[in-house]
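Start from chain A and add chain B according to the hints.
Each chain, letter by letter, is given below.
Number of protein chains: 2
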Amino acid sequence: MSSQPDHPALLIPGPIEFDDEVLQAMSHFSESHVGQPFVNCFGESLTMLRKLFQTTDPASQPFVISGSGTLGWDQVAANLSEPGDDVLVLHTGYFADSFADCFETYGVKATQLKAPIGDRPQLPEVEKALKEKKYKLLTVTHTDTSTGVLSEIKALSELVQRVSPETLLIVDGVCSVGCEEIRFDDWKIDAVITASQKAIGCPAGLSIVMASGRAIETFKARKTRPNSYFGSWKNWLPIMQNYEAKKPSYFATPSPQLVRALHTTLTQITSRPLEERFKAHRDASQKVKKAIADLGLKQLATKPENQANGMTAVYLPEGMTPPQVLPSLLKKGVIFAGGLHKEIATKYVRFGHMGVSVTDPKRDDIDRAIVALKEGLAEAGYKAP
Amino acid sequence: MSSQPDHPALLIPGPIEFDDEVLQAMSHFSESHVGQPFVNCFGESLTMLRKLFQTTDPASQPFVISGSGTLGWDQVAANLSEPGDDVLVLHTGYFADSFADCFETYGVKATQLKAPIGDRPQLPEVEKALKEKKYKLLTVTHTDTSTGVLSEIKALSELVQRVSPETLLIVDGVCSVGCEEIRFDDWKIDAVITASQKAIGCPAGLSIVMASGRAIETFKARKTRPNSYFGSWKNWLPIMQNYEAKKPSYFATPSPQLVRALHTTLTQITSRPLEERFKAHRDASQKVKKAIADLGLKQLATKPENQANGMTAVYLPEGMTPPQVLPSLLKKGVIFAGGLHKEIATKYVRFGHMGVSVTDPKRDDIDRAIVALKEGLAEAGYKAP
Chain A
0 MSSQPDHPAL LIPGPIEFDD EVLQAMSHFS ESHVGQPFVN CFGESLTMLR
50 KLFQTTDPAS QPFVISGSGT LGWDQVAANL SEPGDDVLVL HTGYFADSFA
100 DCFETYGVKA TQLKAPIGDR PQLPEVEKAL KEKKYKLLTV THTDTSTGVL
150 SEIKALSELV QRVSPETLLI VDGVCSVGCE EIRFDDWKID AVITASQKAI
200 GCPAGLSIVM ASGRAIETFK ARKTRPNSYF GSWKNWLPIM QNYEAKKPSY
250 FATPSPQLVR ALHTTLTQIT SRPLEERFKA HRDASQKVKK AIADLGLKQL
300 ATKPENQANG MTAVYLPEGM TPPQVLPSLL KKGVIFAGGL HKEIATKYVR
350 FGHMGVSVTD PKRDDIDRAI VALKEGLAEA GYKAP
Chain B
0 MSSQPDHPAL LIPGPIEFDD EVLQAMSHFS ESHVGQPFVN CFGESLTMLR
50 KLFQTTDPAS QPFVISGSGT LGWDQVAANL SEPGDDVLVL HTGYFADSFA
100 DCFETYGVKA TQLKAPIGDR PQLPEVEKAL KEKKYKLLTV THTDTSTGVL
150 SEIKALSELV QRVSPETLLI VDGVCSVGCE EIRFDDWKID AVITASQKAI
200 GCPAGLSIVM ASGRAIETFK ARKTRPNSYF GSWKNWLPIM QNYEAKKPSY
250 FATPSPQLVR ALHTTLTQIT SRPLEERFKA HRDASQKVKK AIADLGLKQL
300 ATKPENQANG MTAVYLPEGM TPPQVLPSLL KKGVIFAGGL HKEIATKYVR
350 FGHMGVSVTD PKRDDIDRAI VALKEGLAEA GYKAP
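Here the protein sequences line up with chains A and B, keeping their order. Here the first sequence stands for residues 0 to 384, where the numbers follow numbering that gives the first Met the number 0. Here the second sequence stands for residues 0 to 384, where the numbers follow numbering that gives the first Met the number 0.
In case anyone wonders, no lab produced these hints; they're calculated from the structure. A portion of the hints provided could be inaccurate.
Which copy is meant is left open, because identical chains are indistinguishable; a pair holds if it fits in one copy or across any two.
[Unchecked claim] Derived pair list, reagent style DSS-like, types lysine-lysine, alpha-carbon separation capped at 30 Å:
no., residue 1, residue 2
1, LYS219, LYS108
2, LYS222, LYS135
3, LYS330, LYS233
4, LYS341, LYS373
Chain A with its partners taken away, still in its complex shape:
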């Protein structure tokens, strides 16, 4: 039995539904951020993140900082690139525009490589771009929360290794970490940025980053000082290393309650094989995508290989808008998100299927959502084929 009161199932692409035990950890009594019990909890959380990212290289470095996922962009831009550097931003929707804007804020020149809506830049285009100019970083949104488009990290990494091995590979994994496979070491990724409130299954408020040894070396070799203060690894690196060594340390006060919740969900996640978790997400995603197709609806993501496993962006029937559908879904106890990609925001909705909603066999969130969508569309006058 859930200890949470009756509430609509939150099936947006984050925040997601949370496990009871995780929410209970949020109410942990107040404790000192430099007291040993909390320091141990923080340190263990960092170590468990290594497992989640499948990195065993001791040079890899996790960071957990109070903030939104967006703060991860600042961390990358202010620590791994320097003013005047060129970076290549692969564009699959809303978030590449914002990441590029973040780079520009820090004086870094961002070149965007855009794909049509629902697709991702193709490898030959990326290869061409990498050959035309020397880029310090290449960034890719693993799952684009605005379109449900999935990028191919492994193949991309192989391409970068072949064509421009000095370029650091930066993955925006806000909507993928915890539901899509990420083999940090094997795929030679230099940094993944993410947030707590999606497939990691912890309430919002933590910016989470995994950096490679090479990324840390690049950071240490900077000619200029990091040009963020709160996001500076100069300030945070010794703190994270001390926490993981179970030594009290202080730069800015972390959130003990959020870190307790993170520890709880990471304990749950790492207690089972990761492959099982990814498969549960793939299976749920297939079920959703089949139901969408059966309803005669189209996804934004155009091809099976570029469709994310943690969410689905669905075009509504011609002429129908989210405000005609979402309120009736809410009445049926299900919350979806509206569109986010500026050019087509009024034409589609987003269905998140991550975390306990797909991994907890006692929950029927996904099935209920599929039924609600079917009924909601019918009530709005749509006749499925």
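Relative to the frame of chain A, chain B by itself:
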């Protein structure tokens, strides 16, 4: 009866002990950051902050962003000053050094006006400094968490108005908002930065700022773009205005659980006269300071008028260090903090007396702490006079 399990009373200068209802709000079921129930909650929290800061000027602007209190420094440095600007930082301890470092990160020239440990810069010195150079901002730490020194905001403001009225007055109120009187409008303050986990009584993880209409105008008149992305008011100002107007809006995902907890504590705080709250803190502070004096111990803060009401920094008896005292206090169910001011960190401890520990008549935290301190010192071999 508290619903919190037995635990040592956390009497450090933040995080503090939290009310049961506030901690329960941290376990709120997951909800959408753009759903109306949460948008209303966020908007009401912003409006209650106006009350807490005693500002009725509609041009004043509250900000609540996921992050540590430190992020408030970035917000000030990146939004209110521009590269090359001069700012004057009044130094009362550890935090002025860090705030100055933050300014330098953003290309702003920080001049520090230092006082001896336990004191604050005197008004004639500040006047002299303001007359020597044109400063864009003057910053002051209201309660310096490292020393327990209280600054005089009202008199300082009158001085700035008289000598350098174009200079914006910036108050670091991380350890003062909620326990020291702050009359934002009357004292013509341009920005107060604070955090959730001290006298506001909400778990750590929120950076809270109140900006004056003049500060917002200064921000809007910038010649350069804000040089932080996550901390940029260009990104956050429309969001905060929308939230307060109860309109959904998105830049980066806030933490619904933390904002629910903030809403709960602000509802409690604003339901009673603020003067009563400040008096409770003054009374508890007097009790603590008298007990310290009776024990024959000295405070870092040298004079009654520069002693904070939310915390007390106490020199240990000659030759005694925090590790000789703090563990025995912990055994007695009380947690104090060690020293933080680099030059004398091993010579003193810090006792926080804020929030429910002083306002909730059902709690005896302060009395227990005084007894524990007395006994702990005796066990360590100290003979009180």
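Against the structure, the hints:
1. LYS219 / LYS108: The answer is both: 21 Å in one copy and 24 Å across copies each meet 30 Å.
2. LYS222 / LYS135: both (14 Å within a copy, 29 Å between copies)
3. LYS330 / LYS233: Neither: 49 Å inside a chain and 36 Å across chains, both beyond 30 Å.
4. LYS341 / LYS373: within (26 Å within a copy, 64 Å between copies)
Checked against the numbered hints given earlier, the structure breaks only hint 3 and satisfies all the rest.
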